[in-house]
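Here is how the chains run, residue by residue.
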Amino acid sequence: MTDTTQKAAPARHPAPVRRRRHDTVSSRSWRDHPLRRITPWLFLLAPLALLVTFTYVPVGNMIYYSFTDWDGVSPDRNFTGLHNYAQLFTRPELFRVFFVSFYYLAASAVQIVIALYFATILSFDLRLRNLFKGILFFPYLINGVAIGFVFLYFFQDGGTLDSILSWFGAGGDHAWLGEPESANTSLAGVSVWRFTGLNFVLFLGAIQSIPGELYEAAQLDGATRRQQFRHIIAPGIRPVLGLSVILAISGSLAVFEIPYIMTGGSTGTSTFVIQSVKLAFQFNKTGLASACAVVLLLVILMVTWIQRRLVPDDKVDLV
Amino acid sequence: MSRKPLSAAALLATAMLTIAGCSGGAAPSTETAVAPSDASKASGTITVLTNRTDLVQDGTMGRYAAAFNAIYPKVTVKFQGITDYEGEVKIGMNTADYGDVLLIPSAIAKGDYPKFFAPLGSTAAMSQKYRFTGKTDVKGMTYGIANFGSVNGFVYNKALWTKAGIANWPTSPAQFLGDLKEIKAKSAAAPYYTNYKDGWPLSSQWTNSAGSVSCDAKASDALAGSDKPWGEGSDLHVIDTLLYDIVHEGLSEKDPTTTNWETSKTELAKGKVGSMLLGSWAVHQVRDAATAAGQNPDDIGFMPFPAQKNGAFCATLVSDYQLAVNAHSKNKAAARAWLDWFTDKSGFATKEGGVSALKAAALPSVLKPYEDNDVKLVERSDAKTEQVNAIDNAAEIGLAKQDYRQKLIDLARGAQQGSLQGYFADLDKRWAAAAAVAGS
Numbered sequence: 001m002t003d004t005t006q007k008a009a010p011a012r013h014p015a016p017v018r019r020r021r022h023d024t025v026s027s028r029s030w031r032d033h034p035l036r037r038i039t040p041w042l043f044l045l046a047p048l049a050l051l052v053t054f055t056y057v058p059v060g061n062m063i064y065y066s067f068t069d070w071d072g073v074s075p076d077r078n079f080t081g082l083h084n085y086a087q088l089f090t091r092p093e094l095f096r097v098f099f100v101s102f103y104y105l106a107a108s109a110v111q112i113v114i115a116l117y118f119a120t121i122l123s124f125d126l127r128l129r130n131l132f133k134g135i136l137f138f139p140y141l142i143n144g145v146a147i148g149f150v151f152l153y154f155f156q157d158g159g160t161l162d163s164i165l166s167w168f169g170a171g172g173d174h175a176w177l178g179e180p181e182s183a184n185t186s187l188a189g190v191s192v193w194r195f196t197g198l199n200f201v202l203f204l205g206a207i208q209s210i211p212g213e214l215y216e217a218a219q220l221d222g223a224t225r226r227q228q229f230r231h232i233i234a235p236g237i238r239p240v241l242g243l244s245v246i247l248a249i250s251g252s253l254a255v256f257e258i259p260y261i262m263t264g265g266s267t268g269t270s271t272f273v274i275q276s277v278k279l280a281f282q283f284n285k286t287g288l289a290s291a292c293a294v295v296l297l298l299v300i301l302m303v304t305w306i307q308r309r310l311v312p313d314d315k316v317d318l319v
Numbered sequence: 001m002s003r004k005p006l007s008a009a010a011l012l013a014t015a016m017l018t019i020a021g022c023s024g025g026a027a028p029s030t031e032t033a034v035a036p037s038d039a040s041k042a043s044g045t046i047t048v049l050t051n052r053t054d055l056v057q058d059g060t061m062g063r064y065a066a067a068f069n070a071i072y073p074k075v076t077v078k079f080q081g082i083t084d085y086e087g088e089v090k091i092g093m094n095t096a097d098y099g100d101v102l103l104i105p106s107a108i109a110k111g112d113y114p115k116f117f118a119p120l121g122s123t124a125a126m127s128q129k130y131r132f133t134g135k136t137d138v139k140g141m142t143y144g145i146a147n148f149g150s151v152n153g154f155v156y157n158k159a160l161w162t163k164a165g166i167a168n169w170p171t172s173p174a175q176f177l178g179d180l181k182e183i184k185a186k187s188a189a190a191p192y193y194t195n196y197k198d199g200w201p202l203s204s205q206w207t208n209s210a211g212s213v214s215c216d217a218k219a220s221d222a223l224a225g226s227d228k229p230w231g232e233g234s235d236l237h238v239i240d241t242l243l244y245d246i247v248h249e250g251l252s253e254k255d256p257t258t259t260n261w262e263t264s265k266t267e268l269a270k271g272k273v274g275s276m277l278l279g280s281w282a283v284h285q286v287r288d289a290a291t292a293a294g295q296n297p298d299d300i301g302f303m304p305f306p307a308q309k310n311g312a313f314c315a316t317l318v319s320d321y322q323l324a325v326n327a328h329s330k331n332k333a334a335a336r337a338w339l340d341w342f343t344d345k346s347g348f349a350t351k352e353g354g355v356s357a358l359k360a361a362a363l364p365s366v367l368k369p370y371e372d373n374d375v376k377l378v379e380r381s382d383a384k385t386e387q388v389n390a391i392d393n394a395a396e397i398g399l400a401k402q403d404y405r406q407k408l409i410d411l412a413r414g415a416q417q418g419s420l421q422g423y424f425a426d427l428d429k430r431w432a433a434a435a436a437v438a439g440s
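Residue numbers (my numbering), protein chains in the order written: chain F, 1 to 319; chain R, 1 to 440.
Think of the hints as simulated: they come from the structure by calculation, not from any bench.
Please note: incorrect hints may appear among the correct ones.
Each pair of labels, with its calculated beta carbon distance range [what the hints assert, rightly or not]:
(1) R:K330 x F:G242: 44 to 52 Å
(2) F:G134 x R:D426: 47 to 55 Å
(3) R:E249 x F:L126: 54 to 62 Å
(4) R:N94 x F:L301: 43 to 51 Å
(5) F:V145 x R:D426: 27 to 35 Å
(6) R:T60 x F:R127: 42 to 50 Å
(7) F:I63 x R:E88: 20 to 28 Å
(8) F:L301 x R:D426: 31 to 39 Å
(9) R:T60 x F:I63: 40 to 48 Å
(10) F:I38 x R:A66: 54 to 62 Å
Built from N, CA and C at the ideal position, the CB exists for glycine as well.
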């Protein structure tokens, strides 16, 4: 006890000592210098400039465009007030594409379950577990455009999937991307293939941050793997699980590259973002498309908010 | 420190930059781009934007520049090949920096041409010498000269058609369908290939055929004043019904969602595909594919849209991209010199199998069968293109975009619920509603 107070004592008053010594040179120390207050801001200058230039200015511009009738190139644009939003909400076909998101939402549920399952298994000691970790994470590293092209061949009539199915005697002759249901399911399947790795890594990280003694204690108490998962892992990774669900929902609402590359939104696979892109770049309705983007942003913010209210971000306390 | 000052600062900066971003660049000059009278004195460096990245890479464009320099020694020509031409140039046009000579992107509204391009001369004078001047005519001034023009028609595999016992060109859509059925019955080939996945072969190629049916140069212009462009008997009705029937009768490729344009050329050359609706520019490419695949390039033929007016075929002649001079260019004279030389003297159009913008130039050899069979070439009028495009965009139909014909094919093959008549009625309704707002 005395030891610590002795140590702490000199630390409590180092500044006055030093200031007295420096007073002879300058009247004030750096600590009281007015510039000192802005030092952290100087360090933040570069990241803030980047953040403002590439996030806030474009969003500000987008909001501004959403109130105009701009066509995307013309130097002239007219302010039309809420006209774009009025149009958006009075044309049901513009919102119908949100139903396509349900395919991806269902896929996200599957994806989280798969990722959780493998993360749990591979967090225990297993042979070749680093290899399996690599295999599971690998698809996430591939560029989305490349994935689109690869799976285009995969789903082709008489392509890889058909050949594999024919080995098992299942009639390998189906236009997978040719009918709305199978097209959306196929595309959602590609999205599962691609993003499971990301969820998996998030879960794995969270599981491995749970102290190992807990498992040991649980094992000593005779808990099975299932019970360990139920009472240690699941509550331990709840914040990450919550985050994954939020990402899954916002991701499902804003699906773009996989369907855009693979089908271009044809055969009923158009999503809200594809529709916005087409409005902006095919029909030169940049104003209306910006309004779509603003609405999508608000929908996602709202969903996230509702979710946070329903499942508050509690502190994890396992012990 | 509280977070309020941070967000306030960010918002302020955003607002300021937003306002700064909104004020456009300086107003471009409206002086006419005139070629220098003395070729040896013209100087400067000009940048030419092109969508033909293949010709830039294989040195063809460089050879054109060298030939140009023989006449204009002090002008340096630089090429910028852009793969996603429409997308990139459109965005670049928000600034003043979009090359000196460029192809006019289709996204630019015709009425806006004077804001972006230097006038090349009065249309009255230009139209004496050049075709297609109507396409870039704004208030009596011409803003672009066509790279080349294309004639519409079906590229087909003559050997395959002959094998199926077909000697003459079909003269009606019904006969065309009958011929395709013959081909299907007598070979394993897909009688028609839609190129659904790549999309673009469904867009302008088909729409450009409007005018081939009625033999009317103003068929496209008429859309501006029409309430029922897809009404019974109209050009678009005939064209789209033919496409619907081809797919509905199972005469096209089996899985349209995974088609591939590059492969389709080889398949057409090999006789695995019977026909594709394209422009005359495509004949060269398919013949090249035939040579590469070890087939006879002479097997590739070109026939007009199966419709006759007064016993004769008609084929629309439409302009490809138009070359224009950037209104912000600092070397307008040199740019104009290049543009004139490229159109008049380079021989580019003929080499590409297109119809030269020069009225005096002869038709390319691929159109020999058209000449032999007295196919009447109809140069499409573009007098009302601006209004038609405005209505088209407002209706979100996309006459020159792939989506609406992709949906047509989806209906035909049963991938979407609905009837052809219902679809036409819906298109008519959307067109009429948009025309009421945007057409004036």
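Here's how the hints hold up against the structure:
The beta-carbon spacing between K330 of chain R and G242 of chain F, approximately 58 Å, falls outside the hinted interval of 44 to 52 Å. Taking the beta carbon of each, G134 of chain F and D426 of chain R are about 51 Å apart, inside 47 to 55 Å as hinted. For E249 of chain R and L126 of chain F, the Cβ-Cβ distance of about 57 Å falls inside the hinted range of 54 to 62 Å, so the restraint holds. Hint check: N94 of chain R to L301 of chain F, Cβ distance near 29 Å, so the stated range 43 to 51 Å is violated.
For the pair V145 of chain F and D426 of chain R, the beta carbons lie near 34 Å from each other, so the given range of 27 to 35 Å is met. Take T60 of chain R and R127 of chain F: their Cβ atoms lie about 59 Å apart, and the range 42 to 50 Å is violated. The supplied range of 20 to 28 Å is met by I63 of chain F and E88 of chain R, whose beta-carbon atoms lie about 25 Å from each other. The supplied range of 31 to 39 Å is met by L301 of chain F and D426 of chain R, whose beta-carbon atoms lie about 35 Å from each other.
In this structure, T60 of chain R and I63 of chain F meet the distance hint of 40 to 48 Å, their C-beta atoms being roughly 46 Å apart. A hinted range of 54 to 62 Å holds for the C-beta pair I38 of chain F and A66 of chain R, which are about 59 Å apart.
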